[in-house]
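*Asks:* With the sequences and hints as input, model every part of the structure.
Number of protein chains: 2
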Amino acid sequence: MFGRLLCRRYHVNSLKSLYGQVDSLPSKVSNINGWIKSVRLLKKVAFIDIQDGTILKELKIVVPFDSQSNLSSEVATFLKSLRTGQSIAIKDAKLVETEGREQRFELNITDPIDNISIIGNVSESYPLQKKYHSLPYLRTLPTLKHRTSYLGSLLRFRSELEYNMATFFKLNQFTKASPPILTGSDCEGAGELFRVEANGYVEKKQHYFGKPTYLTVSLQLQLEILAMAFSRAWSLSPCFRAEESDTNRHLSEFWMMEAEWCFTKDTKELTTFVKDMIQYITRESYKNFDDFIPKNIPENCLPRNELLERWETLLRDESWNTITYTEAIEILQKRDKEVPFPNYRPIWGEALQSEHERWLSESYFKGPTFVTDYPRDCKAFYMKLNPDGQTVACFDLLVPGIGEIVGGSIREDNFELLSKEVSRRQMNKNGELDWYLSLRKEGSVPHGGFGLGLERFVSYLYGNHNIRDAIPFYRAASGNIDL
Amino acid sequence: MFGRLLCRRYHVNSLKSLYGQVDSLPSKVSNINGWIKSVRLLKKVAFIDIQDGTILKELKIVVPFDSQSNLSSEVATFLKSLRTGQSIAIKDAKLVETEGREQRFELNITDPIDNISIIGNVSESYPLQKKYHSLPYLRTLPTLKHRTSYLGSLLRFRSELEYNMATFFKLNQFTKASPPILTGSDCEGAGELFRVEANGYVEKKQHYFGKPTYLTVSLQLQLEILAMAFSRAWSLSPCFRAEESDTNRHLSEFWMMEAEWCFTKDTKELTTFVKDMIQYITRESYKNFDDFIPKNIPENCLPRNELLERWETLLRDESWNTITYTEAIEILQKRDKEVPFPNYRPIWGEALQSEHERWLSESYFKGPTFVTDYPRDCKAFYMKLNPDGQTVACFDLLVPGIGEIVGGSIREDNFELLSKEVSRRQMNKNGELDWYLSLRKEGSVPHGGFGLGLERFVSYLYGNHNIRDAIPFYRAASGNIDL
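Respectively, the protein sequence lines represent chains A and B. Take 1 as the starting number for the first sequence in our numbering and just add one per residue. Take 1001 as the starting number for the second sequence in our numbering and just add one per residue.
Hints were generated in silico from the structure; no laboratory data involved. Heads up, some of the hints might be wrong.
Some chain B residues near chain A, calculated using beta-carbon distances under 10 angstroms [stated by the list, open to error]:
| id | residue |
| --- | --- |
| 1 | Tyr1126 |
| 2 | Gly1184 |
| 3 | Glu1192 |
| 4 | Tyr1214 |
| 5 | Ser1218 |
| 6 | Ser1231 |
| 7 | Met1257 |
| 8 | Glu1306 |
| 9 | Tyr1474 |
| 10 | Gly1479 |
Think of the CB as a built atom: it goes at the ideal place given N, C-alpha and C, for glycine as much as any other residue.
*Replies:* Rendered as structure tokens:
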């Protein structure tokens, strides 16, 4: 059926389709299009490698010269006009098996002038020549960089990961929902919010929505409404933060996956779910490691063997660690006495700093680490207070190389307790949280959930160290927004 | 495996899991949670209907009184305290088959005080009592409305539709990508843009991103970059428009699905793809009509039988119509002479008005209708000019009840022709489109694509007439943004 559909919808064959038929290849193929990765012109043969971006693999095209080639011949002139970056269309070619080589077949074209046409030329200065390009250099080429193996494959990997994530939530009976991006509430992270106004209202004293409007930093509060309608709800949505931090782990526009579900009562159930989700996604990726991870890894990215080890670690239950915040502080303080952390002392009651988080997961546990039960004043108002009266039922997931990628908690579902906490924090002065509190009055249930930064998660699994490469065109405190 | 996973992750059984095992039901079940839809207390038995939102179906619980019930007994007192909207947990119950009835089993609970506990109470004024609520009324209850059958099922339907859409694109080898929402370009629809600024910069003369920043109205231009890297790219993303129109077909924040692919040359290939996509999604939905569409349809929404007919029409190839804009104008002018349209004369060179679009698809063709090849000045600058020099290679898809839901075109891939058109329209005065034009210099290929308004599409398939119900919390020219 799939073949039929392809024929109806497209008049060209993709490289992915071609490689998908590798065990029953026809002897001839028609209508293959792509971009030239490299051309080598030898005395009796030309080799042309093309890619079309549907998969990581390239396709080798062999053009033998039909006689003792005269380099001034028409054929030679044509072949000499082929250049890296051009888009070409191939009309007809023979498929030849290539035993023993990595690419199990190649295209053989005997009449190149008839069978190869250049669709789109390149400028003299086309920068993606066949040589090593550093990532900092590629980032200066936003319209072209995705045609490279490493950055192209990174986004194909993200695409596949999003699909596997959606499948996991579907299997677990979650409803995907899209709470709003535009919000009138600034109750989380006021300093780092973006303000929004209709262009025609910027100079006026009125507001398009009747009041100051912001871009959301998290959909959680609204997602709780939906969890209480569907039992289980999740979202995948852009979130915005006017970060002043300008590091390779911060974005002003990023995608967040959030999940929220009912009838869950303890942090252990949340962390089990998160581990299961990450293992499901890793397992699906693991099946196709070579399809995602290129042979050549750029500088400052995780080498293939270490990446494979990272995935295998994730798949082993016993590599996962869980400690409480209080235990973490004890471990950190012991370490700090022996080898002091560069910038911050670990002190109970204060947030874990990046240097603490990374040391814990990278050096101490050497694997993914849940830290649970933080002091309540380190965390948001909606988290459920533990019986100790000091800590809340929450967790962060720390991973080597990145730091925090997931944070979640059980939410306070009791109206009186939540109201008290809201007052203690001097929030809700204008009743902007009344709707949220009201959920605790109408069929309230124990519930909890978590948020995962998609670009951080993708980067952790792909091994790129700069999350700005995990989104097609990044927005950050530095960098431009021209396209 | 699935059962095992469920047990590990959740300590409760969902109604979806229960109904999923309908052919091999155990005789006893434990740990079922949900919200009470209705309670009926008779002389010898109580009926409690619960829902948990994982599916449309409710679950009937039967509580026989164990003796000649004394209404002052403890049991009776407990049963009388049950009320619609409360969340309850059921510890243990017998599963009893109910032959002949629509619900094939019910729960039988003999010791309600031990086996039913109220988790969360409701206020005296809990509004979702078991009676008919109009949609305008439900829209005034944003924290509760999703618990109703019609609006809850609508969002579950959207969730399923999004997954099926993703599957279609995966089968067709598209890479899902997320071009940016924040953009420095205002070249499309300047008047209706939203401006964005970091909260801390609003009073300053500086900009967080160094220049005025907007929320995108379409990701197409950046998606073209990605199509030229992956051959086939798609996105599902919020878009924003500061609409002054305040109708049931307009949103200020909406989700748009956009697709863009290479090596496609004519509008026919685009419309075939769109038809295939809509048929794929409809076919997947059709398998589960009763799981999505409630028995009771509110006023002003499409009745079940007409909805089923709508889906069956979509599945028949011969119901799909294609005409050119020029043919459409001829048909409309003929009609206009006989029965004049209320507000607008159909005139070649002017945009089709909503009243024209709806008459064409609803009354004339009575089915989905592609209108192709509009005059170039009715459409955007990037569309490919047809050989006639007057029209462009584009299409809109018009459907009964909604109007336009899809628009697409072949893009001009020739640098000189596109530059000329950009100049003719006096665009790109500050070089803001240079990056877009540059794509036509580096391996340019024929390509095209389309955009689909997700809430319109969902509403068309679900039969609700107000697209504001197809998103959990709507943002529009009227209405509030409090949550």
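*Asks:* Is the hint on Gly1184 of chain B kept, meaning its closest Cβ partner in chain A is under 10 angstroms away?
*Replies:* holds (4 angstroms)
*Asks:* Holds or violated: the hint that Tyr1474 of chain B contacts chain A, with Cβ atoms closer than 10 angstroms.
*Replies:* Constraint on Tyr1474 of chain B satisfied, holds at 8 angstroms.
*Asks:* Could you check if Gly1479 of chain B really has its C-beta closer than 10 angstroms to a C-beta on chain A?
*Replies:* holds (9 angstroms)
*Asks:* So, as I understand it, the hint says Ser1218 of chain B touches chain A; can you test that by seeing if any CB pair is closer than 10 angstroms?
*Replies:* violated (13 angstroms)
*Asks:* Per the CB criterion, is Glu1192 of chain B less than 10 angstroms away from chain A?
*Replies:* holds (7 angstroms)
*Asks:* For the hint on Tyr1214 of chain B, does the least C-beta distance to chain A fall short of 10 angstroms?
*Replies:* For Tyr1214 of chain B, the interface hint holds, since the closest Cβ of chain A sits about 7 angstroms away, which is under 10 angstroms.
*Asks:* Does the nearest C-beta of chain A fall within a distance shorter than 10 angstroms of the C-beta of Glu1306 of chain B?
*Replies:* violated (26 angstroms)
*Asks:* Report holds or violated for the interface hint on Ser1231 of chain B, using the least CB-CB distance to chain A and a cut-off of 10 angstroms.
*Replies:* holds (5 angstroms)
*Asks:* Less than 10 angstroms between beta-carbons is the criterion; does Tyr1126 of chain B satisfy it with respect to chain A?
*Replies:* It holds, given that the least Cβ distance between Tyr1126 of chain B and chain A is near 6 angstroms, below 10 angstroms.
*Asks:* Under 10 angstroms, Cβ to Cβ, is where Met1257 of chain B needs to be relative to chain A, so tell me if that hint holds or is violated.
*Replies:* violated (12 angstroms)
When the structure is compared with the earlier hints, violations turn up for hints 5, 7, 8 and for no others.
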